[in-house]
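Novice: Guided by the hints, dock chain B onto chain A, whose structure is given.
2 protein chains.
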Amino acid sequence: MNYSDLVKQINAKRSMLCVGLDSDLNKIPPHLLKLDDPIFEFNKVIIDSTANYSVAFKPNLAFYESLGLEGWKSLEKTISYINERYPEIFTIADAKRGDIGNTSKMYAKAFFDKLNFDAVTVAPYMGKDSISPFLEYENKWVIVLALTSNQGAFDFQFMKDEYTGKQLFEQVLESSSQWGTKENMMYVVGATKAEMLKEIRQIVPEHFLLVPGIGAQGGDLDAVVENGATKDKGLIINSSRGIIYADKTEKFALISELKAMELQNEMAKYF
Amino acid sequence: MNYSDLVKQINAKRSMLCVGLDSDLNKIPPHLLKLDDPIFEFNKVIIDSTANYSVAFKPNLAFYESLGLEGWKSLEKTISYINERYPEIFTIADAKRGDIGNTSKMYAKAFFDKLNFDAVTVAPYMGKDSISPFLEYENKWVIVLALTSNQGAFDFQFMKDEYTGKQLFEQVLESSSQWGTKENMMYVVGATKAEMLKEIRQIVPEHFLLVPGIGAQGGDLDAVVENGATKDKGLIINSSRGIIYADKTEKFALISELKAMELQNEMAKYF
Numbered sequence: 001m002n003y004s005d006l007v008k009q010i011n012a013k014r015s016m017l018c019v020g021l022d023s024d025l026n027k028i029p030p031h032l033l034k035l036d037d038p039i040f041e042f043n044k045v046i047i048d049s050t051a052n053y054s055v056a057f058k059p060n061l062a063f064y065e066s067l068g069l070e071g072w073k074s075l076e077k078t079i080s081y082i083n084e085r086y087p088e089i090f091t092i093a094d095a096k097r098g099d100i101g102n103t104s105k106m107y108a109k110a111f112f113d114k115l116n117f118d119a120v121t122v123a124p125y126m127g128k129d130s131i132s133p134f135l136e137y138e139n140k141w142v143i144v145l146a147l148t149s150n151q152g153a154f155d156f157q158f159m160k161d162e163y164t165g166k167q168l169f170e171q172v173l174e175s176s177s178q179w180g181t182k183e184n185m186m187y188v189v190g191a192t193k194a195e196m197l198k199e200i201r202q203i204v205p206e207h208f209l210l211v212p213g214i215g216a217q218g219g220d221l222d223a224v225v226e227n228g229a230t231k232d233k234g235l236i237i238n239s240s241r242g243i244i245y246a247d248k249t250e251k252f253a254l255i256s257e258l259k260a261m262e263l264q265n266e267m268a269k270y271f
Numbered sequence: 001m002n003y004s005d006l007v008k009q010i011n012a013k014r015s016m017l018c019v020g021l022d023s024d025l026n027k028i029p030p031h032l033l034k035l036d037d038p039i040f041e042f043n044k045v046i047i048d049s050t051a052n053y054s055v056a057f058k059p060n061l062a063f064y065e066s067l068g069l070e071g072w073k074s075l076e077k078t079i080s081y082i083n084e085r086y087p088e089i090f091t092i093a094d095a096k097r098g099d100i101g102n103t104s105k106m107y108a109k110a111f112f113d114k115l116n117f118d119a120v121t122v123a124p125y126m127g128k129d130s131i132s133p134f135l136e137y138e139n140k141w142v143i144v145l146a147l148t149s150n151q152g153a154f155d156f157q158f159m160k161d162e163y164t165g166k167q168l169f170e171q172v173l174e175s176s177s178q179w180g181t182k183e184n185m186m187y188v189v190g191a192t193k194a195e196m197l198k199e200i201r202q203i204v205p206e207h208f209l210l211v212p213g214i215g216a217q218g219g220d221l222d223a224v225v226e227n228g229a230t231k232d233k234g235l236i237i238n239s240s241r242g243i244i245y246a247d248k249t250e251k252f253a254l255i256s257e258l259k260a261m262e263l264q265n266e267m268a269k270y271f
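Just so you know, the protein sequences line up as chains A and B, in that order.
Just so we're aligned, residue 1 is where the first sequence starts under my numbering, counting upward by one.
Just so we're aligned, residue 1 is where the second sequence starts under my numbering, counting upward by one.
Hints listed in this document are in silico derivations from the structure and should not be mistaken for laboratory results.
Among the hints, erroneous ones may be present.
Okay, derived cross-link-like pairs now, DSSO-like style, lysine-lysine, Cα gap no bigger than 27 angstroms in a straight line [said to hold, decoys possible]: (1) B:Lys73 with B:Lys109; (2) B:Lys27 with A:Lys109; (3) B:Lys77 with A:Lys109; (4) B:Lys182 with B:Lys13; (5) A:Lys109 with B:Lys13; (6) A:Lys105 with B:Lys198; (7) A:Lys248 with B:Lys109; (8) B:Lys182 with A:Lys114.
The following label-pair restraints were derived from C-beta to C-beta distances [to be verified]: (9) B:Gln151 with A:Tyr81: 35 to 43 angstroms; (10) B:Glu195 with A:Tyr81: 36 to 44 angstroms; (11) B:Ala229 with A:Tyr163: 32 to 40 angstroms; (12) B:Glu226 with A:Asn83: 50 to 58 angstroms; (13) B:Glu226 with A:Gly165: 31 to 39 angstroms; (14) B:Glu206 with A:Asn52: 51 to 59 angstroms; (15) B:Glu138 with A:Gln151: 18 to 26 angstroms; (16) B:Glu206 with A:Gly165: 29 to 37 angstroms.
Bear in mind the structure is a predicted one, so any value in this text is a computation, not a measurement.
Ideal placement from N, C-alpha and C gives every residue a C-beta, glycine not left out.
With the rest of the complex left out, here is chain A (with noise of 0.2 angstroms):
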């Protein structure tokens, strides 16, 4: 998918909903595991009910490699679903994948040629040609973790370079930039620091901005958009458990609805 694509779908919804599928056989409705495959059956529902208000889906391939083989298969076949029946929505194999260059190109042949998403989350750490092989796609994105939203991200993201005063998650937007274009490269920038969003936009005004840890009450939105968003929104902004565990009975497709219609009713007030 291209910027201008993405944009036109976020103003179409009035909406920079993703919603994360994070799809856990310990948390999803009980009455699913009787089913063949119920982590595929759980996401089919939860994209069917949310789709209309979210712009993004983003499965978090952690949880489908912890189930091996038959984890495999479910992302395999929930991204296959997304394409086919809403090609529209933007996709994000939240993957935080990174090596030397060589070996990161087979990573952007995974998630790219063979399960066919729009972006992959990148850690920094092994720097340039750890992340430059995402980039040689077109109309694919590479998303790199700048500011993350856990507590371990004070453990090394914000120390502080001796001769330019940087911070390591400045450095690290500064470069990157260097590397990748708002058409092709995105941040992840945790909602647990949106003060912080202002002086990111200093360092990448135009670049989309995929913002994790936002709850269902839509809690710190406000603080999120009016300090980050860009005149295109330039904002995906991540809700993961709010809706697709809000309600573990029969109901659940109604109920992960109703969640994702109240975020995107709270975010059209900003367009």
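Specialist: For chain B alone, coordinates are given in the frame of chain A:
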């Protein structure tokens, strides 16, 4: 596998050799391509012909994921084959994973419970809670990226902290060595940075180091061992292409055995 069994194996074989199973359909001997599962058949031959000379096998996940479901099947068969036939050999999932705590837990489940690897490589960008879940498994290991062997290592890993004067990779070593012990944590340190091993040994005097980047000719082996060895050796030295792609004919088993033997012979002189 625990620390003392690993050391025992190293001493018994007088080897620190790890064979990297970066198995690629475009590089394996072409006569294998007509078989049902060429990647697994290739791995089986490489494993059998090098097991006497090596202490570890390390499939890099990217190569398997790039083949989709078929690749994941080949990986499962490969790790099962090693565990059944060579239970004394240390197995490393070179996956370079890492996510927020709850998600890293799922990766630990994938590689330790589901696939039964001894160790998994992890990128440190997301800090403590991305690494800790791997440490909760008894006799399993996390191998943290410290100083990688690629050009991109220079982009961020050498950034110097304003307050402590330490470089990022030193900070990673120092912090993370507080989270685990020499019994459940190792570090990736590229052989291309052999001269830095002395400095690294001041921070982590006893942890095992996984050292990629040694050629078949054993060029840097002296420097690596001289600067990096502990009393228990404390080194797992990887070679991939130099061994597994040394020959593409029907004789590739013999040639890869010879290459592994050559490297083991080089290593034996340090015992």
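Novice: Are the hints correct? Go through all of them and say.
Specialist: Checked hints:
no., hint, verdict
1, B:Lys73 with B:Lys109, "holds (17 angstroms)"
2, B:Lys27 with A:Lys109, "holds (16 angstroms)"
3, B:Lys77 with A:Lys109, "holds (22 angstroms)"
4, B:Lys182 with B:Lys13, "holds (21 angstroms)"
5, A:Lys109 with B:Lys13, "violated (38 angstroms)"
6, A:Lys105 with B:Lys198, "violated (32 angstroms)"
7, A:Lys248 with B:Lys109, "holds (24 angstroms)"
8, B:Lys182 with A:Lys114, "violated (39 angstroms)"
9, B:Gln151 with A:Tyr81: 35 to 43 angstroms, "holds (39 angstroms)"
10, B:Glu195 with A:Tyr81: 36 to 44 angstroms, "violated (52 angstroms)"
11, B:Ala229 with A:Tyr163: 32 to 40 angstroms, "holds (34 angstroms)"
12, B:Glu226 with A:Asn83: 50 to 58 angstroms, "holds (54 angstroms)"
13, B:Glu226 with A:Gly165: 31 to 39 angstroms, "holds (38 angstroms)"
14, B:Glu206 with A:Asn52: 51 to 59 angstroms, "holds (57 angstroms)"
15, B:Glu138 with A:Gln151: 18 to 26 angstroms, "holds (25 angstroms)"
16, B:Glu206 with A:Gly165: 29 to 37 angstroms, "holds (35 angstroms)"
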